[in-house]
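Colleague: Spelled out from the first residue to the last, the chains are:
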Amino acid sequence: MLLLDGKRLVKTVRFSKKRYVGDPVNTLKILNEKEVDEIFLIDISKKTGAVQDSYLKEIASELFSPAAFGGNLQSPEDALQKLKLGFEKIVIPFRKIWKNSFLQKISATAGSQSAVVSLDVRKLCGPYYLINKTPQIFHQKQIRLLLKEIQEQGAGEILLHFVHRDGTFLGYDKDILACLPHDLSVPLILLGGAKNEEEIQEVLKLPNVDAAAAGSLFSFFGVHRAVLPNYLQK
Amino acid sequence: MIPKNKRVFILAGSFSNLGSLVNMIEKIGAQTITCSNSEKSFDRLVICGVGSFSSGIGEFSQPPNKELILSCVKRGIPILGICLGAQILGISSEEDNGKGFGLVPIKTLWLKGKVKNKVPNVGWQTIKILNSSDPLLRGVRGNARYYFSHSYAMFTDQKEISVAEIDEIPNSNAIYQMNNIYGIQFHPEKSQNDGQKILENFVNLEF
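Keeping their order, the protein sequence lines are chains X and W. Under this note's numbering, the first residue of the first sequence is numbered 3, with each subsequent residue one higher. Under this note's numbering, the first residue of the second sequence is numbered 2, with each subsequent residue one higher.
Quick caveat, the hints were computed from the structure, so don't treat them as lab data. Heads up, the beta-carbon is just placed ideally off N, CA and C, and yes, glycines get one too.
Straight-line C-alpha distance at most 20 angstroms; calculated PhoX-like pairs for lysine-lysine: (1) 207(X) x 119(W); (2) 48(X) x 9(X); (3) 117(W) x 207(X); (4) 19(X) x 49(X); (5) 198(W) x 36(X).
Partial list, derived from the structure: chain W residues whose beta carbon lies under 10 angstroms from chain X: (6) 15; (7) 24; (8) 51; (9) 53.
Every beta carbon over 10 angstroms from chain X, so not counted as near; a handful from chain W, in silico: (10) 68; (11) 130; (12) 205.
Same shape as in the complex, but just chain W (with noise of 0.2 angstroms):
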């Protein structure tokens, strides 16, 4: 049961893709705010971001979108990061060897090298769960596949934080979760039913 009255701020880099992110929020029940409403009230932020780390550093750490990210921190409004609005939220990236929020100790590091995967990891994949109780999971069926597209992947010396990782490349972070703070690396905007599911959990998220 999705509360109608969940309001769901996006906040995307210009080069991100809002409007199946938008439609698959709206399908499951809760209402979308972006940049662009005058509404500011809200009561979930999703980060997400596609293209170079420093693009999207540079663009997240600019007025007002800083603020905006740090007060939801600090508020404890939940916030769930996607692909490079999950690695900007980590310490550093070794793409454009950018400096990131510092929220969560995750680095991003280049797959090349590292995984027997092609490089960029681009499509579906399934992922290994590590904390079977975390609510983002809630009733995501066994098999669930999501859509990757990645160069980059985030990895954690602390290994509470991951909730699950991708099965092909082994430590990274597919979900990481620390206090309200959601990253995970997949698009589940793109994922079809299993992302649909993803996004509902963290819409209905209680913390």
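With the rest of the complex left out, here is chain X (with noise of 0.2 angstroms):
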């Protein structure tokens, strides 16, 4: 997971403390040496319009792997736009996948593969989460409908990303783990504090997750954590 702000990576905790982490040309070329299996890039710049379209098309074309992008959508048809630049998949937070019949355009013409939906839940207090900053207050097994909900809107993928975790270390949200529904027909992928390399071998083993990725994981090396792309060794 990248994060660019402008024409800077950077990695947020918790959404917020932007910290810069690289050029993205340079590294999306490490990133392919050490052969990433996928890249979701976010354009979380406050200035709608700062990533030019353009800018991404270089991007894009460095990419040897399949690539995801979001943040900063304007429209379905903007979002079109990108998988013509040379990604294959948008990411559309669960808020908008209504507005404009977003997910179903996207679905309809690119094809639900290329409709990843990214639910952001934040930890309240116990077992209570909002979600994608509504004011709705969900219970962690309500999640489960939740998911279910997208899977049924059409989704291709959906990311389950766990803000409060955000850059954290602190490991994916375990309570939440416990209670994800079993027969999901999409891929679903977990996202925000993932600890090390053998958590992620840990969460892959969970029948009903199919992938696990990680931003200040690959960005951060050492106890420091200083800024180093890096990616799993196995």
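Fit the two chains together into the complex; they arrive one by one in their own frames, and the hints show the way.
Modeller: What follows is the structure, encoded as structure tokens:
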């Protein structure tokens, strides 16, 4: 998971405290050499339009692995344009899937495999969560229903993002992992808090988890968290 | 050793992702030509497409694309269809009940209900090699993985054209070959070094 802030890559902790982690093209060249399985590139620039399509095209052509793009998408048409730049998938936030038939248009035009829906969950207290900053509070068990709802709406993949773990190295949210649905037919990807390679291997053994993503784990190295793009050894 | 003078024409649908493919072929050492180039002499044709079958066949059967494909078939220029680009060369597809070019005896079927895997079948997978002497697989490592992203897969009654099947989807064609036509279901341009090896072998083919 790479976060784009203008022409810089940054990494956050719980969605704030941006830290510069490198030049996008250089970082991608390194990640290619490490044979990364997949890349998510999310534009988190405050100013819409800070990242030009011509620049994204330049970045995308460096990618020899599948990649998804998300963030600052203006419309389904804008998202479809991003696919043409060389990304395989579009990441659509859950709150936007109905807006202008966003999800439906992406699935119908480019195929459901191009539509990743991200569900951002933030822990409140105990078993309660906020979904994509909505005022509504969800019990962890309801997240199961939400994931199924997203699947029914036509998502090709679901990215379950633990915002309260972002950049913390505290591990994925085990409480939610314990109540994931067993009968999703679309792949489920976890993101937010990956601790180390062992944890990733461990969650991948779960029958209802298809993939594990990480940002900080692959951006920082060693006890002092020095900036160094790295990847799984095994 | 890749001869520097190999020229690869890339024929792409409007949704296709050319950047990585162009970069990877150029990294191998061959030249690439796309529709926007005025230069039209080449010795390899790559057809790549993403999107639905009807949108793909709609674009590829329009002039001058159709004529370009058919003339390469006739002249024996090596052709590589990638994903939708491979499917449209077959007979038909269950997607949109589409009719393909009919150049290879391949039928494209919806995976739902046919496989235990999730549909769409997205991700890194291994292939089972059925014809290890095929030059497209020369020097490919044993546990090579390729990136797949599809809801429909290619099947055939004529087993001799199957070069490799997708490990997790028995009888499906990960790679087919008939005369000068190759079709592959995965995306070599997104399959890191393993994909690059396939493209390198394709550029290097001698018929």
